[in-house]
Amino acid sequence: MKKKLSQYSLVALLGLSLSPLAYADDWSGYADVSLLAGAYSGTTTRTAINAYGASLNVDYLERTGVKLAGSQLTLTDNGIAIAQQSAFASAYWNYFCDTLGGVFKFRLDVHQADLSDDFTYKDSVRAYAPQISFVNYQKSFYVDLGYSKSTYDLGLEAKQYTPTLGFAFNQGADWLQTRGYLIDTTDTGSGVVSSTQAVEFKLTHWTAPGSVFSQYFINALVGERILAVDGDAAAIYSLVDKQQGGGSIGIAWQSHYVDGMLMFSVDQYLDQATNASYINSLAYISISKSW
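Read in the working numbering, the sequence shown has 83 at position 97, and its numbers run on one by one without any break.
Check the hints yourself; a few may be wrong.
[Claimed, not checked] Cross-link-like lysine to any residue pairs, in silico, SDA-like; alpha carbons within 25 Å at most:
#1 K188 x G209
#2 K135 x F120
#3 K188 x G141
#4 K188 x S126
[Said to hold, decoys possible] Using C-beta positions, here's what the derived DEER-type ranges look like:
#5 Q71 x T31: 19 to 29 Å
#6 D218 x G158: 12 to 22 Å
#7 V252 x G87: 31 to 41 Å
#8 T85 x P149: 15 to 25 Å
Keep in mind that the hints were calculated from the coordinates and are not lab data. Each residue gets a CB set at the ideal place from its N, CA and C atoms; glycine is no exception.
Construct the complete structure from the given sequences, taking the supplied hints into account.
Right under this line is the structure:
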């Protein structure tokens, strides 16, 4: 793999998707802005990371919809500022199946990210990610199968499969979701193929109406993954270093004016060039307005 890319830890940042409110009985949507700040510890030359982003989501009668988003990220590595500009577009169509008592969703995501520093380093990545999912009308069971293909100008290609299963319990107040990441990465110059596997667990608790916070959640990643595409976060992890697990905790709130989410995460990586481990700690906040 290209060692140049492995020097940079870059995360595509997009906002939180909260339940939209009806508008004119047909159209609904939300817009949000988000901020991220982080630091590194361990054997690495990286010192800080920060980003900001915005997104717009519009739905028609819960049958079809689109989402557009963009972000700007800056990473400081060995005193050099690395920039990543990211764009994201997604469209979906729902099919209501009374025979099975649920909704099939057909979705296609497109990612584009451009990376550069103040000198000669430049790279771009494009990813296409179709997904088909099913959720029952009671919203107590969910399953999906996702695929993505990412292509980097510097000569890397990643193919990813993401089977997902989720279910509600505790009378619908809690939700547990598991998602597998099966990723094959190819150095197109040498033809060398490597594979990583990981499982992500997400546990969400919804509080009673009138509570200060509407939602608490905790996430954990077990295993290893590389060059992952995260459909929920609408993000590409364009880092050749291996992510070797991690976790996050967060809260969400809703009000008459705006909704929001605050999250803290810690992830461990292995620098494949030096075989040294390091930690990336992040704080993230998102504010959204629904209509």
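Outcome of the hint check:
1. K188 x G209: Status holds; Cα separation ~15 Å.
2. K135 x F120: Distance ~22 Å between K135 and F120 Cα, so the pair holds.
3. K188 x G141: violated, 33 Å
4. K188 x S126: Cα-Cα ~15 Å, so holds.
5. Q71 x T31: 19 to 29 Å: This hint holds: roughly 23 Å between Cβ atoms.
6. D218 x G158: 12 to 22 Å: Between D218 and G158, where Cβ atoms are some 20 Å apart, the hint holds.
7. V252 x G87: 31 to 41 Å: holds, 40 Å
8. T85 x P149: 15 to 25 Å: Holds, at about 23 Å.
The earlier numbered hint that this structure contradicts is number 3, and it is the only one.
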